[in-house]
Amino acid sequence: MWPASMIRVRLLVHRAPITSATRIVAVIAKAIASFVRWVLGVAWWWFSYIDTQITRLGGPNFSQIPINRAHCPVNDMFRDGFHQHAVHGGVAPYRPNSLDGGNPAEAGEADGAFIDVPQPVAGEKVRRLAASFDDHFSQVTLFVRSLSGVERQHLARAYTFELGKCYQEAIRVRQLQCLANVDADLCAQVAKGLGLTAPEPTIEPATDVRPSPALSQVGGTWPVTGRKIALVADADTAPALISEAKEAVTAAGMLPFVVAPAGGHLGDVVVDRTFLTAASIEFDAALLLAAPVPAPDADPTFDAKAGQSTDGKPVDPRVVKVVAEMFRHSKAIGCSPDAQPVLAAAGVPADAAGVVVGQPGESVEQLARLLTEHRVWDRFAAVPEEEPAGT
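Heads up: the sequence shown is residues 432 to 822, going by this note's numbering.
Read the hints as simulated data drawn from the structure, not as lab findings.
From the three backbone atoms N, C-alpha and C, an ideal C-beta is built for every residue, glycine too.
Not one of these hints is a red herring.
Within a straight-line C-alpha distance of at most 25 Å, the following computed SDA-like cross-link-like pairs (lysine to any residue) qualify: (1) K752 x A666; (2) K623 x L586; (3) K744 x L672; (4) K596 x Q606; (5) K752 x A693; (6) K744 x Q790; (7) K659 x H805.
Pair by pair, the computed Cβ-Cβ distance ranges are: (8) V505 x M437: 31 to 37 Å; (9) R558 x P527: 46 to 52 Å; (10) A710 x A682: 23 to 29 Å; (11) K744 x L707: 18 to 24 Å; (12) P434 x T638: 15 to 21 Å; (13) D782 x S436: 34 to 40 Å; (14) F564 x R500: 28 to 34 Å; (15) P644 x E756: 28 to 34 Å; (16) E756 x E793: 22 to 28 Å.
With the hints as constraints, model all of the structure from the sequences given.
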């Protein structure tokens, strides 16, 4: 697959809306009658088996399938059978006939029909693939060179981690050879992490690829609609404060999830997650409304991965773990002034990039702005945006 920006798009046909009442019935009636529209959860399964594996293989009305259908009016002799969507006129779908004046009949040259013109053809028959079939690396090179410095660093660490989990050195060496054919800098970083020597490429890495901004997340912005925000509270948090935060998150088009020591309610606010069930990967950002002390079910045997806050006030270690992970994953974190001990316990500087300290309304507004960039890229160590080797 190549970036859409590299593909030249040309308009081939303009689809006109359906204006005929009989045509609407023919197209829509079968869809309405299908039982999969009424039974939730089976539509995808039904489509897979019926459409992909059975009905798309063809039939007498293969040319009636939308993807195969001509864009010009076509009449034929077929009237029944699967995939028949047309509403035909006339009374005699056969030839010869005298009832319809011999129609339907084949279109001639005067009608604009396609006419085969004899053409001389010469060539050699060989069993050979195009040269592009041997190009296994230029597309990957395009991807690597389109990434920002931070993303290339992440990619190198990901390769180092995955290959580090492979305990056969011969396989690691073979994969490094593939990386050498993709990008020399990437191969060198991964080889250093594995304690191996970066090999020389067996082919000349592609030099004519143009980086595509569409392949990088850095620098782009996206809607925040549907993003999940964890609202961390405890029994001492004022319900009005929680409601204010929920309303602000909802008004921004995001989804609030109240996370508390136990299920049930905090005042009149429903608890969506507990400290036991909440995980950092569930949320795109967090807003700390309190600094919860360790709950009774915070077993030190299992939940002692994080220490106490620097001011001596104990904080539930499960909350600390979630916040620390979100910080490492470069997610935005909001914090009310009373909840700052959580940041201290998690080792998160209050002035770090993507950390917002303030009242809920103001914090949510800034969190929404940060989420438009998906992650807080400025939180990562500065990586020089140098041209990759070979460009």
